[in-house]
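The primary structure of each chain is shown beneath.
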Amino acid sequence: MDNVTIVAVVSIITAGATIVLGTLLPAYGEMKALIKALESITQQPDASNVLSRNLFVGLAMIESLAIYCLVISIILIFTNPFWNFMTTAGGK
Amino acid sequence: MEINPDNMQLFGIGAIKINATIFYTWIVMALLTGFSAVITSRLSTGAKIPRWQGVLEVIVSFVSGQIRQVIGRDPWPYVPFLGTLGIFILVCNLMEVVPLYHPPTSSLSTTAALAVSVFFAVPFFGIMKNGLWAHIKSYFQPSFFMLPFHIISEVSRTVSLAVRLFGNIMSESLMIGVFLSVVPLFVPLVMQVFGLVIGVVQAYIFFTLATVYIGSSVSIHGE
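Those sequence lines, one after another, are chains V and B.
One rule links them: number in the working numbering = place in the first sequence (from 1) + 1346.
One rule links them: number in the working numbering = place in the second sequence (from 1) + 7.
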C-alpha cells in the first residue's frame, strides 16, 4: 500500500470507531439520566417542569460529547486534512 | 460535498465577498427586525389588540417566564439579550424548509460568535448586578485554588455551546444531503421534519444554557 491508501484506510476506520464509541457511551449516560428523571417525574409530578428543564440541560451536556465525535468523524471523512496534505503536497 | 456555508460564495465585488452564511444571516435579521418594527409600530392597549401583537406578546411572555423560572428574579434585564439569541437561532433553524436556504447556524463561525457573546454577557450581567468586586470574588469560591477551574469551565462551556449547535445543525443538513443521493423520495422529507424538531430543541437548549450560565453568575453564593 502506498501512503495515500494508508491514510485513507486509517481515516475511514478511525471515523467508524469514533462514531461507534462516541454514540455508545453518551447513549448509556443519557439512558441513566432519562431513567432517573422519569422516575422522579412519576414520583413528583408537580415538579415536572423543573425536572424536565434540568433533564434537557443535562442531556445537552452529555450530547455535546457525542456531537464532538460526530464532528470529528465528519471532518475525517469529508474534509480530511491529512488526506489533503497527502494528495497535494507530500504524498509521493 | 460542501459542508460549510462559509465556502459558498454567492456574490461579491472585488475583495468584498459575500458568502452564504453572511447573506442568510442578513435575511434572517431583516425578517426579524422587519416583523418586529411593523408589529410594534402600532401597538394598542385596548380591549381589541391587533392579531400580530398577540403573537409577539405570547413569544415575549414565554421567554420572560422561562427566564424567571431559571433565574428566579425579575427577568426584564435579561429578556432583550436572551430572547434575541433564542429567537434568532430558532428562526435560523426553522427556515431550513425554505429551498436554497442554508442555515447560518450550520457554520462554526456563526455559532462561535453567538457563544462568544454569551461568554461576554455572563460577566457583564454579573458585574451589573453584584458589582465588580463581588463578581471577581466569585471566581475565588470556595478557595483560591479554584480560580483556574472556574476559568477552564467558562472557556470549555463556550466551546461546547458553539460546537453543539454547529454539530447538530450541520450534521442534519449533511444527513439530508446524503439521503437525497441514496433515496431521493420520501425519506429526505421525514428527515426534514425530524430536522425541524432538532432545530427547535437546539434553539431551546442554547437559550436555556445561556440563561443558566447568566443566572449562576447573577445569583452568586449566599442569596
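Misleading hints may appear alongside valid ones.
Output of the computed footprint for chain B on chain V, the stretches with three or more beta carbons under 8 Å from beta carbons of chain B [what the hints assert, rightly or not]:
(1) 1378-1391
(2) 1419-1431
Among the chain B residues that face chain V by a calculated CB cut under 10 Å, a handful are [what the hints assert, rightly or not]:
(3) Arg49
(4) Val67
(5) Gln73
(6) Ile78
(7) Val98
(8) Ser116
(9) Ala120
(10) Leu172
(11) Ser178
(12) Leu181
(13) Phe213
The following residues of chain B were derived to be distant from chain V, with all beta-carbon distances above 10 Å [what the hints assert, rightly or not]:
(14) Ile23
(15) Val129
(16) Gln148
(17) Arg171
(18) Asn175
(19) Met177
(20) Ile183
(21) Pro191
(22) Val197
(23) Phe201
(24) Val208
(25) Leu216
Because the hints were derived from the structure by calculation, they are not lab data.
Here the structure is a predicted model, which is why all the values come from computation and not from measurement.
The beta-carbon is built from N, C-alpha and C at its ideal position, and this holds for glycine as well.
Return the numbers of the hints above that this structure violates; sort them in rising order. 1, 3, 4, 6, 7, 8, 9, 17, 18, 19, 24, 25
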